[in-house]
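Top line first, the protein sequences correspond to chains A and B.
Just so it is clear: in the first sequence, position 103 is 103 by our numbering, and no numbers are missing.
For any residue, its number in our numbering is found by taking its place in the second sequence, counting from 1, and adding 110.
Treat the hints loosely; a few may be bogus.
[Stated by the list, open to error] 20 Å max Cα-Cα, derived SDA-like pairs, lysine to any residue:
#1 K193(B) to L170(B)
#2 K154(B) to N2(A)
#3 K97(A) to S205(B)
[Said to hold, decoys possible] The following residues of chain B were derived to be distant from chain A, with all beta-carbon distances above 12 Å:
#4 I123
#5 A130
#6 D173
#7 G182
#8 P191
#9 V222
Rather than coming from a laboratory, the hints here were simulated on the basis of the structure.
Backbone N, C-alpha and C define an ideal beta-carbon position, used for all residues, glycine too.
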Amino acid sequence: GNSVTQMEGPVTLSEEAFLTINCTYTATGYPSLFWYVQYPGEGLQLLLKATKADDKGSNKGFEATYRKETTSFHLEKGSVQVSDSAVYFCALWSDYKLSFGAGTTVTVRA
Amino acid sequence: EAGVAQSPRYKIIEKRQSVAFWCNPISGHATLYWYQQILGQGPKLLIQFQNNGVVDDSQLPKDRFSAERLKGVDSTLKIQPAKLEDSAVYLCASSPGNIYEQYFGPGTRLTVT
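Chain A with its partners taken away, still in its complex shape (with noise of 0.2 Å):
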């Protein structure tokens, strides 16, 4: 079956850190991989996405490269600030459904 997993958090960063958060998958032929992000009170976004191998998605300055040979779509920033806290969740979309992952809760100090 379709699976995520990502790295667990929670993750604890100052302002202007670099920000990676890793996520492998498991899935038959070839998903569309997304990072969804939920801010607090809020329901998920999607932040971005990356549709087949090498695509690279970026939005807000997050960035994230679908690489096949090691089946990952790692989420990276390179200047974190406050308001960027929030839980991400690494997913994929195959056979018409979207599988997330455990979710990753990010936390940046002033």
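Given chain A, work out where chain B should sit, using these hints.
Below, chain B alone, put in the same frame as chain A:
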């Protein structure tokens, strides 16, 4: 454009009681999803509707959970009777079709005591 609306936002009930959640999707979205998000886990799909028909309910515990989508618009999810392990956030999402780009509501946090 209004987003996905859900109510109530919070609910506390005792085990064996019943509870219902309501979702109003984005106008014009044909597909509606209910997810269960247990603390520390990612959302898990419970049921998917296309218009007012069920597309996938393979992970819905049908002995206690039921859902309907009235006239292909609003939807309700019911739990009867509730168990302690049903404590979770119930998320509703909608999309224009059976595609990955889903728009999520804020969720209903259920606590069963």
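Checked hints:
1. K193(B) to L170(B): Holds: K193(B) and L170(B) sit about 14 Å apart, inside 20 Å.
2. K154(B) to N2(A): The hint holds at about 12 Å.
3. K97(A) to S205(B): Holds, at about 12 Å.
4. I123: Its Cβ never comes within 12 Å of chain A, the nearest being 22 Å, so this holds.
5. A130: 19 Å, holds
6. D173: 23 Å, holds
7. G182: 19 Å, holds
8. P191: 28 Å, holds
9. V222: The claim stands: V222(B) keeps its Cβ more than 12 Å from every Cβ of chain A (closest is about 21 Å).
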